[in-house]
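My request is simple: use the sequences and hints to build the entire structure.
The primary structure of each chain is shown beneath.
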Amino acid sequence: MLKFVLKRLLHMIPLLLGVSLLTFLLMSLAPGDYFTTLLQNPQISPDTVARLKAQFHLDQPWYVQYFYWFKSVLHGDFGYSMAYKIPATSLIFARLWNTFLLSFVAMIMAWAVAVPLGIWAAVKKDSWIDRACSLIAFVGLSVPDVLLSLLALWFAAATRWFPVGGAQSPYYDLLTPMQQFWDRVHYLILPALVLAASSLAGIMRQMRSNLLDTLRAEYVTAARARGLGEGWVIWKHALRNAINPLLTIFGYSLASLLSGAFIVENIMAWPGLGRLTMEAFFAKDSYLVVDSVVMATALLVMGNFIADLLLAWSDPRIRLK
Amino acid sequence: MALLEINNLKMDFGKGADAARALDGLSLTIGAGETVCLVGESGCGKTVTALSIARLVPAPPAHYVGGEILLNGRNTLTMSARELQAIRGGVVSYVFQDPGASLNPVFRIGNQIKEALKPHRPARATDAEMIRLLKLVGISAPESRLKNYPFELSGGMQQRVMIAMALASEPRLLVADEPTTALDVTIQAQILDLLRDLKQRLGMAILLITHNLGIVGDMADRVAVMYAGQIVELSPAKELLRRPLHPYTQALMNSVPKLRGDVQRLSAIPGNVPRIGKFPPGCRFAPRCPVARPECSDKLPELIEVELGRWVRCPFWK
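Listed in order, the protein sequences are those of chains A and B. The numbers in our numbering rise by one with no breaks, and the one at position 173 of the first sequence is 173. The numbers in our numbering rise by one with no breaks, and the one at position 200 of the second sequence is 200.
Simulated from the structure, these hints should not be mistaken for lab results. Mixed in with the good hints, there may be bad ones.
To be verified - Quick list of the computed label-pair ranges, beta carbon to beta carbon:
{"#": "1", "chain 1": "B", "residue 1": "T126", "chain 2": "A", "residue 2": "R319", "range": "49 to 59 Å"}
{"#": "2", "chain 1": "B", "residue 1": "K15", "chain 2": "A", "residue 2": "L15", "range": "47 to 57 Å"}
{"#": "3", "chain 1": "B", "residue 1": "N272", "chain 2": "A", "residue 2": "L22", "range": "51 to 61 Å"}
Stated by the list, open to error - BS3-like, lysine-lysine: derived pairs with alpha carbons at most 27 Å apart:
{"#": "4", "chain 1": "B", "residue 1": "K199", "chain 2": "B", "residue 2": "K114"}
{"#": "5", "chain 1": "B", "residue 1": "K10", "chain 2": "A", "residue 2": "K236"}
{"#": "6", "chain 1": "B", "residue 1": "K147", "chain 2": "B", "residue 2": "K118"}
{"#": "7", "chain 1": "B", "residue 1": "K114", "chain 2": "A", "residue 2": "K236"}
{"#": "8", "chain 1": "B", "residue 1": "K15", "chain 2": "A", "residue 2": "K124"}
{"#": "9", "chain 1": "B", "residue 1": "K15", "chain 2": "A", "residue 2": "K125"}
{"#": "10", "chain 1": "A", "residue 1": "K125", "chain 2": "B", "residue 2": "K10"}
Unchecked claim - Stretch by stretch, here's where chain A covers chain B in the computed footprint (C-beta under 8 Å, at least three residues):
{"#": "11", "region": "67 to 77"}
{"#": "12", "region": "160 to 169"}
{"#": "13", "region": "286 to 296"}
Cβ atoms here follow ideal geometry from the backbone N, Cα and C, with glycine treated the same way.
If you want it as C-alpha cells, here you go:
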C-alpha cells in the first residue's frame, strides 16, 4: 500500500516534467514575449527592454529558459510574474486554493444531488421520476457551461441576490471572521452551482445505469432469495457494487471539473487558476503560464490518485501494488 | 398435502400486445423429502419455473396470468412482500448456477452467511453456527474461510458456501438451478454427492434443475421434462431412463453419450428450441419431432396419465 503511494507519487515527476517542457516549447512557438509590447512605447528605450529580457532569460532559446525555470523550481521558486510584478509562487497558490475551493464545493454539490437522483431513477425505472431525471440530464448535457454562466450572471445582476464576479467583498479585510466566512460563501455559491450543474447530469446517468446493472446481477437475486427486504437488498448489495465504477469516474470528473472551471472562472470572474492561466497566456507571462499548467496537472493527477485509493478501499478484489 | 403444488401456471413476459408466453399451463408437485429433476434445453422455462416458486422473477416484465403456486398450501402468487420475505429462505432456498456471480464480490463470506441466518433464525446468527454450516458442506478450516472474500475461493468452494447459505435457514425445499454447470467435472460429482448426502441427513425436498440427463438417475425420485414452457413428460426417474415415452425425451436421451453398449453415432435434435412467444401451433415439438404426423400441428396435446405415475403430452406415445 505504502509502496503503491510512493510509486504513484514518483510517477508524477516525469509527467510534470513532460507537461512543463511541452508548455515551454509551445509558448516559444508563438511570436513575441511579454516585453514585445513595451517596444511600442516611445518612453522606454530599446536598451531597457533588452536589459529586462536578459534579466528574465527571455533572450535565450526556450530550452535554456526551461533550464533556468527548472533550477529555480528545485529551490521552491516558481519564477516571477512579469505582468503582476510579484513572485509567481504567492500568486499561484492563492489562485490554486480558489480553484480548488470552487471545484471541490461544486463537486460535493453535484454528487450530493446526482447520486440520490440516479439511485431514485434506477429503482423507480420508467416512472415519472425517472423520466424527469432523464429530462434534467438531457438539458444538463446539452446546455454549454458558457450559456449557463451567462444566465447565472444575468440572474445575479437582475435579482441582486448574488455578487457579480470576484471571490470576496472589497471590504473583506474589515469583517469579523464569521462575516468573512459568510462573505466567501456568498461569492462562492453561484459559480459553484453553475459548475455543479454542468457535471451533475453525467454523474446521475452513470449512477442510474450502474445501479440498473447491479440490480440485474445474480447476487442481488440470491440476496432476495435469502429473504432480505428489498430496501436492504438495494442499499447493501446493489448500491455497494454500483458505486465502484463511479469512483473511477470521480478521477475523470475532477478533470472535467477543472476544465469546466476554466470557462466558469473566466466568465464569472472568479479569481482562480483558470482565469489566471488565461490572462497570463494572453499577456505572454510565460513563467506564470507554465506554473499554472503544472499546478492544474498536479491537481488532476492527485484526483485520479485519490480515486484509485478510494476504489481499492471499496473493492476488495483490487490490490494496489 | 404436497409441499409444493404448481397448478396450471401461466406466465407472460410483457403485457398486452408485447406479451410473450413463457410458462403455459405448467403443473408440478413435489412431496416433502422428495427429489424432483426438471430437465430441458436452455430457454424452455426451467429457471423461470424455479424462480417463480418464491416470486423471484422481476415483475414487470413477468406477469402471472393464471394458475397458482401452493407452497405449504399457501399461494405465493397472492402473497405480500412481507410474506414472500418470510418464505424466501424460510421455506424455500435457492442455489444458483454460477456461484461466482451469486456471491456478492465485495462482502466477506461470513458477512453473507450471517445475512442468510438473520431473517429466519436471528438467535443463531453466530460464528459457531456459521462454522457448523461450513463444516456441514465439507469446507475445511471454516474459521478462516469466514474472513475470505468470494474471489479468494475456488468455484467448488463458492458453491459449497452457497449451499451452506441455502441450508442456513433450514428450508423444506431446496431449489438447485443447474448447481454444477459452471463447475469442473470432478467438482460436479462432489457437489452432487454433497446434495444427496445432505438430503438424507436433513430430509428436505430438492427441486434440481438440469439439462444433463446423466445426473438424473443418481439424484431424482421423479423427473419432469420441459419443452417450450410446458411439461411434456412426468415420470418416476428409473422408469423414464429405462423407457422414455415422449419423442422429445427419447431424442434427449439419444443425444447423451453412453459408456457401455454398441457405439452409435450421437444424434442431435434438429432445429432449435422455439423462442418464448414464438411457439408453433399444435404440439410444440412437432416441427422437430422424428415421428410427427400432419395432425400434430393442429391441436395441442394434453398431458395424460398413460401408466401409473407416468404422464405424457403426446397421443402417439406407444
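Here is how each hint holds up against the structure:
1. T126(B) - R319(A): 49 to 59 Å: violated, 31 Å
2. K15(B) - L15(A): 47 to 57 Å: holds, 56 Å
3. N272(B) - L22(A): 51 to 61 Å: Hint holds: Cβ distance 58 Å, inside 51 to 61 Å.
4. K199(B) - K114(B): holds, 22 Å
5. K10(B) - K236(A): violated, 33 Å
6. K147(B) - K118(B): With a Cα-Cα distance of about 18 Å, the restraint between K147(B) and K118(B) holds, given a limit of 27 Å.
7. K114(B) - K236(A): holds, 14 Å
8. K15(B) - K124(A): With Cα atoms ~18 Å apart, K15(B) and K124(A) stay inside 27 Å; holds.
9. K15(B) - K125(A): holds, 17 Å
10. K125(A) - K10(B): holds, 25 Å
11. 67 to 77: violated (count 0)
12. 160 to 169: n = 3 at 8 Å, threshold three: holds.
13. 286 to 296: With 0 residues close enough to chain A, the hint is violated.
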